[in-house]
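K.L.:
Chain by chain, the residues:
Number of protein chains: 8
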Amino acid sequence: GYAQVDTERGVRTGVSEVIYGAGKSAAQIAGIVDAMRRAGQERILITRMDERKAAELAEMGCSFAYHAEAHAGVVGELPEPDGNGEILVLTAGTSDIAVAEEAVLTARFLGNSVTCVNDAGVAGIHRLLRHGEEIARAQVIIAIAGMEGALPSVVGGLAACPVIAVPTSVGYGANLGGLTALLAMVNSCASGVSVVNIDNGFGAAYQASLINHLSGKR
Amino acid sequence: GYAQVDTERGVRTGVSEVIYGAGKSAAQIAGIVDAMRRAGQERILITRMDERKAAELAEMGCSFAYHAEAHAGVVGELPEPDGNGEILVLTAGTSDIAVAEEAVLTARFLGNSVTCVNDAGVAGIHRLLRHGEEIARAQVIIAIAGMEGALPSVVGGLAACPVIAVPTSVGYGANLGGLTALLAMVNSCASGVSVVNIDNGFGAAYQASLINHLSGKR
Amino acid sequence: GYAQVDTERGVRTGVSEVIYGAGKSAAQIAGIVDAMRRAGQERILITRMDERKAAELAEMGCSFAYHAEAHAGVVGELPEPDGNGEILVLTAGTSDIAVAEEAVLTARFLGNSVTCVNDAGVAGIHRLLRHGEEIARAQVIIAIAGMEGALPSVVGGLAACPVIAVPTSVGYGANLGGLTALLAMVNSCASGVSVVNIDNGFGAAYQASLINHLSGKR
Amino acid sequence: GYAQVDTERGVRTGVSEVIYGAGKSAAQIAGIVDAMRRAGQERILITRMDERKAAELAEMGCSFAYHAEAHAGVVGELPEPDGNGEILVLTAGTSDIAVAEEAVLTARFLGNSVTCVNDAGVAGIHRLLRHGEEIARAQVIIAIAGMEGALPSVVGGLAACPVIAVPTSVGYGANLGGLTALLAMVNSCASGVSVVNIDNGFGAAYQASLINHLSGKR
Amino acid sequence: GYAQVDTERGVRTGVSEVIYGAGKSAAQIAGIVDAMRRAGQERILITRMDERKAAELAEMGCSFAYHAEAHAGVVGELPEPDGNGEILVLTAGTSDIAVAEEAVLTARFLGNSVTCVNDAGVAGIHRLLRHGEEIARAQVIIAIAGMEGALPSVVGGLAACPVIAVPTSVGYGANLGGLTALLAMVNSCASGVSVVNIDNGFGAAYQASLINHLSGKR
Amino acid sequence: GYAQVDTERGVRTGVSEVIYGAGKSAAQIAGIVDAMRRAGQERILITRMDERKAAELAEMGCSFAYHAEAHAGVVGELPEPDGNGEILVLTAGTSDIAVAEEAVLTARFLGNSVTCVNDAGVAGIHRLLRHGEEIARAQVIIAIAGMEGALPSVVGGLAACPVIAVPTSVGYGANLGGLTALLAMVNSCASGVSVVNIDNGFGAAYQASLINHLSGKR
Amino acid sequence: GYAQVDTERGVRTGVSEVIYGAGKSAAQIAGIVDAMRRAGQERILITRMDERKAAELAEMGCSFAYHAEAHAGVVGELPEPDGNGEILVLTAGTSDIAVAEEAVLTARFLGNSVTCVNDAGVAGIHRLLRHGEEIARAQVIIAIAGMEGALPSVVGGLAACPVIAVPTSVGYGANLGGLTALLAMVNSCASGVSVVNIDNGFGAAYQASLINHLSGKR
Amino acid sequence: GYAQVDTERGVRTGVSEVIYGAGKSAAQIAGIVDAMRRAGQERILITRMDERKAAELAEMGCSFAYHAEAHAGVVGELPEPDGNGEILVLTAGTSDIAVAEEAVLTARFLGNSVTCVNDAGVAGIHRLLRHGEEIARAQVIIAIAGMEGALPSVVGGLAACPVIAVPTSVGYGANLGGLTALLAMVNSCASGVSVVNIDNGFGAAYQASLINHLSGKR
Ligand SMILES: Nc1ncnc2c1ncn2[C@@H]1O[C@H](COP(=O)(O)O)[C@@H](O)[C@H]1O
Ligand SMILES: Nc1ncnc2c1ncn2[C@@H]1O[C@H](COP(=O)(O)O)[C@@H](O)[C@H]1O
Ligand SMILES: Nc1ncnc2c1ncn2[C@@H]1O[C@H](COP(=O)(O)O)[C@@H](O)[C@H]1O
Ligand SMILES: Nc1ncnc2c1ncn2[C@@H]1O[C@H](COP(=O)(O)O)[C@@H](O)[C@H]1O
Ligand SMILES: [Mg+2]
Ligand SMILES: [Mg+2]
Ligand SMILES: [Mg+2]
Ligand SMILES: [Mg+2]
Ligand SMILES: [Mg+2]
Ligand SMILES: [Mg+2]
Ligand SMILES: [Mg+2]
Ligand SMILES: [Mg+2]
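Residue numbers (this note's numbering), protein chains in the order written: chain A, 1 to 218; chain B, 1 to 218; chain C, 1 to 218; chain D, 1 to 218; chain E, 1 to 218; chain F, 1 to 218; chain G, 1 to 218; chain H, 1 to 218.
Hints in this document: simulated from the structure, not taken from any laboratory.
It is possible that part of the hints are untrue.
What the hints assert, rightly or not - With a Cα cut of at most 30 angstroms, we get these calculated DSS-like pairs of lysine-lysine:
{"#": "1", "chain 1": "A", "residue 1": "53", "chain 2": "C", "residue 2": "53"}
{"#": "2", "chain 1": "G", "residue 1": "53", "chain 2": "C", "residue 2": "53"}
{"#": "3", "chain 1": "B", "residue 1": "53", "chain 2": "F", "residue 2": "53"}
{"#": "4", "chain 1": "H", "residue 1": "53", "chain 2": "F", "residue 2": "53"}
{"#": "5", "chain 1": "H", "residue 1": "53", "chain 2": "D", "residue 2": "53"}
{"#": "6", "chain 1": "B", "residue 1": "53", "chain 2": "D", "residue 2": "53"}
{"#": "7", "chain 1": "E", "residue 1": "53", "chain 2": "G", "residue 2": "53"}
{"#": "8", "chain 1": "E", "residue 1": "53", "chain 2": "A", "residue 2": "53"}
Just so it is clear, the structure is predicted and the values come from calculations on it, not from any experiment.
Only chain A is shown next, with the shape it has when bound in the complex (with noise of 0.2 angstroms):
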């Protein structure tokens, strides 16, 4: 078989597993949402699928949402917010906006209210600074940014709560595919602040859902 669906991670990990779209074939995809749903799992994500790809599937019988800004699918309904509070999306640029729509909906789907502010960038840090009351209140801040690897540092010096950083590819030159906004991330001196993979939206409102659940355990 070409997978082994872990139909057990929603009990060991308290999330269900999520279909990466970009290697497979839409038969693949179609395969593993079927055991999916044969396991018990109603609500699927499935990222990194782009138009075509996505069409293959519907015309396989696959019954799904298609997210066309966030390159995504979604089996099933969106839920309802149950985190503890809220997560803010703020991007540097307009051209960052296509990472930041596979983590608002990626943290949608996983039980957050989100909140989203665009072209943030600190070349024109009154665009930021204007923004301090959804800074103050968000439990979790995502901060997205190619150009303008700056963005998270400034950010977490303003904000009392978690930053997670996605560098973007968005850029040229010494940008490097987003190497140059991920290294100048994690060696950014501002407290609070972690970083994921270049153009991850994904991954940033997975962890960033995380937190938002902690329930206290103490």
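Using the hints provided, position chains B, C, D, E, F, G and H with the ligands relative to the given structure of chain A.
P.N.:
Relative to the frame of chain A, chains B, C, D, E, F, G and H with the ligands by itself:
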């Protein structure tokens, strides 16, 4: 002046500022400690201060406890734990312990209860698996590894709480001074893992403490 | 001439030469196949040949079986297994299967018995641990992973036989086209693991086959 | 001869040559100082000269003032400011001050009026914002940062004058000896920012001085 | 909203905002142009917009002139030069001209008088030396090169004014997509040279224009 | 505790654990040796232990033989060879011998018969070709090279047995601390070659020993 | 103008200028050819020109012979060999031949007698050794390899004449687009070898031709 | 034995072997010198030997002249020049002279007549241009530079003979230990330039000598 002490940081982010000792002279550190104390801060952490600099600082009349294994000094008493739960610090190998000590001290300084499991590298996976209970109990996990960048990946799959990964510079050759572990951790497809700088035990503990103190703002 | 066919290679190293199809035209491949057959080689493997080139080659009258998933062609029949034991091919994720197919076909072409376990990535470690029996039975293991460079490390700790690790270019961002997985595998402190080039399923299988055919020269 | 002293440089570019002390012996430096003085240059800057080499040079009878914090020596008197305006030197952290000292001394040596603001890193953005007046007044700004490559980006958005960014090697791990800060600064989308070599306080001040002395050729 | 248009930027920095067209849809660009015009901005530069996107934008009723060689559009009229002097744009080779066109258009858009000298690479140094007069006359020089990272270094030694270096991605192999030229330019020991991102003709012209418009604040 | 001694490893993988001495204090090593001996292990290898640490360890009453050239200590007697055949250790240059010594000692510690041929670099290929007999006789070959990454490639073409390549950090400049040799070896198209970490003589010998002890499980 | 044709180059360096076709339009090439011809140059080489651009150029009325395998055009006749001796072009694998064709055509264009030996990679060293005579006869050798960076190293040890090494971008994974071969060739300790850019068959042949035409100036 | 002395090398390549002293003990060097002398070699060059090792070697009774600036020893007399022409050694800066000294000594050891021009960096291009006569006279040029990787590029355009470029590790920051200069030199579009390893004055001189001794085999 050589420093602008950020005395409002406690107000703004809920945590008092910490002194990064690495690039500063003993005299500079003494000056910053004085300014902070005058501004009312009673408990101060000084990270990345070697034994020699600590001795110089003591000779200047600064009163603090030196934690040699963590390469850090603490002005004032360490507080009682007041977080919501426990932070678990895991290391892959004995040589990663130095970084873990910085994380443990920082976490305790910030009011957290900490458990430590060393030498749990994945090349002998049963050494990790036998600690399932500590993993299940933790509110946040800090996973520290140099040669076995794999550790956070495996832990991320076992745990239901957020994992902060710390790559270390331990190793040789293809470890590239910790860059290999950093990239491997970021690249890993385990959900619920985010990463801080190489050897940055402080930063991992700081974010873990933020997470552990989230009170739920809903 | 564009090639010096190494017809004595079989005599010298015990294995006949293989054609690396990537940089060659169908015509060049046809020419080399002819030369090899004239030199008495009946079974020929052509790797890294895409569907279009395979079709061209067939049109030129060259008779061979095309294995689409492995991107390879085989002139003549695949042999019966004649190695000492079994080669186990493990993949971390479904997207690594393309590389595994090259490894499996090569290993079978070289006379080995092969078992395959897919999607055994360490982010859900129980999916690997449930295959303890296959691991114990193997004479050599080929561990293939892109995003979870950790796999060979964990396998190396579980197995009593040599492990050949194959990094893949599967992934994005910090995967650096497979370089991150390559360095992580080389850096790993699990003993008994050695590494071949990114996506080089062929090379791993070749090495595994050499090991599996060692007759003991003492 | 070990050097071809460029005595016409003053004529050609309007600024006299400076001695880069790093790779030269005290004897070589003494020889070059002599040649320059014989050619009529009265004021000479010797950069990157450590205390020990400075002492040797003094013992050889060379007369100059040593500026320990800037690791530089000055033969002759520092001039009165004769530029068009003020150069503002900003550092992100206390540990970046060493590089700033080289910039400040060089700028003063070249006839500029200089203001200095330290520890204005963006992780506590109010420490930068409170210096709005100095930023508005400056003719050129030199922004120096190692761990917070973000600084020039933010400053570039606040200032109406050119910003010269200097990455420093301060930091650890993902700082890659300053390369991360360098790439982040170059990658930044703030307009009006250009970059010099890592730790190159001299080069930044040199260009800032050129800008500050432009008389308007229209 | 997908963008926070920075309409106060003109007030704050003396230059109106520019639209970076690369990551934006024609519809997004149209929306931003509208918002800017409503805020009173009459002249707008849209960079990195290819012919196809420009056509779409025109079809949406947006009125602008398209400059194909510069891959840029201009809403409104280009202004008369109002800077203090002339900006000289130098390219090393014919293939670097595309980047030069972006620089020239940006500089003119920002009110500068511009001269252009192409194919002045240092491998035939007399082709550069014969332009001594243009070099002497310039208020700022923009030196653009991909394969001959040496150009700004040589120009920096010849000129009495600031030089802004632009590495280009022109070349192959060891050019590393422009990174080699970038590092070589930063590494160069010519004083008076600073560097912007690979292929960033816009950024160089912006910085050059700031310098050219400095009125002397003493 | 600072270590979890893996006493079942012998049972699990057929080889007892080895102590990596590099990041450990003499006291920690002594503690691990004690725990291992109490668990019944009589023969222990301690790698990467310099002369000074070895002396400290001896002073603590730990009894072992120190092998200075291999930077390693052996508790207990070296065993008689019990593998199936001979391991051939080849070095390219005299300076690579230090790594070879680690490989030779490890291989002997693990019960193998070892032959050594030094200074067989390919820049004088006859020095390699004259050792055809040793190459033909070997069951496994370890090829060690820093400046001449080519060695394993050539050996792989000559030998009928598996070749384990060890890149070394010997060299300067473009050797990039061994990374160049590592990548060159991985990149080589010689079949039957796999690679371990830079300077990892131990790891190469460990895998070679696994191969040499394969009993044939068919 | 887009180009400054270096018509004195022939006088200055003894070789006429060549047109690098890669970044230029057919119209630009036609213009440069015209200028050169008017300046009296009768034989012109145009490198890195693909079939489509060659066709466009021909349609513009430019008369030249197109060499498809070398991706180059020649205006005028190829000359009779007038060098001192023979240039030997060696390739490691069939896929490196494209680069070799550029080298061969360039060398012939510059008046050299050329011999070619393909597929002489060191993984089957006898295929190289059987060409001892050609190696002994050569005045200069050009050694071209992508996956087997080892080739020039071995050749350098066999030959008594200078060897120019050309790394190629042939390969995958750890070949890093030719960078691995480049670094390996530079790192090699074989004396008498120097290196040109990745895939730069032209540059190697140019250098080889200069060497082959040295008349002895003593 | 730790070395296989290549005594036939003189016969094979026309030049006797040289000892690379860096990774060898004084005792090993002494042993190799003895073996060479017994094999009839009277003149031996020992490169990369620091003062301390030279002293040890002398104490062992080995008789040789030590050249401190070149970090090299010479057994026997330096020969009279017997090449066809002159080798010109050019350095960009005073700090590059150490590498030049190795090149000069090696070239003289191999029987060449050598001229040296120092501090001819392109940032003051007239310092290079004033040496047109030496450039025109040379049979081969060795161009050595660290911070000004541009030098060989400019020289390549001025000279009619082959240029061997030597990048040096001189510099800081973006020089990347010499890698930047290496890549810039390789990337340069000046024809007639080839490159050796960072700091490899020996290798450059060796190839220059081969070129200078070519007798013309036509
Ligand atoms: N060990 C450490 N690693 C990284 N960042 C640190 C460390 N210790 C302190 N910091 C950060 O450095 C800031 C203080 O820097 P400084 O102003 O240079 O003392 C603190 O607020 C922390 O955010
Ligand atoms: N997919 C592959 N990846 C790496 N090496 C290969 C592959 N297929 C064949 N080879 C090697 O390439 C050699 C043949 O190369 P060539 O002479 O270019 O056809 C074979 O002997 C193998 O060593
Ligand atoms: N070609 C370009 N390269 C780099 N930065 C640019 C370019 N064009 C515009 N920009 C910058 O991008 C900003 C606008 O970005 P955005 O908000 O994404 O449209 C402008 O203010 C400029 O600072
Ligand atoms: N300074 C040097 N840099 C690079 N290669 C060298 C140097 N000195 C000697 N060699 C080479 O090293 C070979 C001898 O190496 P070895 O056998 O290790 O002494 C000589 O034949 C030269 O090819
Ligand atoms: Mg924007
Ligand atoms: Mg351990
Ligand atoms: Mg999976
Ligand atoms: Mg600070
Ligand atoms: Mg040109
Ligand atoms: Mg040797
Ligand atoms: Mg071949
Ligand atoms: Mg100089």
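K.L.:
The structure should be examined with respect to each hint, and the outcome stated for every one.
P.N.:
Do the hints match the structure? See the list:
The suggested pairing of residue 53 of chain A with residue 53 of chain C holds, with an alpha-carbon distance near 26 angstroms, which does not exceed 30 angstroms. For the given pair, residue 53 of chain G sits about 26 angstroms from residue 53 of chain C by alpha-carbon distance, which is consistent with the 30 angstroms threshold. At most 30 angstroms may separate the alpha-carbon atoms for a hinted pair to count; residue 53 of chain B and residue 53 of chain F meet this at roughly 26 angstroms. Pair hint residue 53 of chain H plus residue 53 of chain F holds up; C-alpha atoms about 25 angstroms apart against a cutoff of 30 angstroms.
Pair hint residue 53 of chain H plus residue 53 of chain D holds up; C-alpha atoms about 26 angstroms apart against a cutoff of 30 angstroms. At roughly 25 angstroms between alpha-carbon atoms, residue 53 of chain B and residue 53 of chain D fall within 30 angstroms of each other, so this suggested pair holds. With a C-alpha separation of about 26 angstroms, the suggested pairing of residue 53 of chain E with residue 53 of chain G holds against the 30 angstroms cut-off. A C-alpha spacing of about 26 angstroms is found between residue 53 of chain E and residue 53 of chain A, which places the hinted pair at or below 30 angstroms, so the restraint holds.
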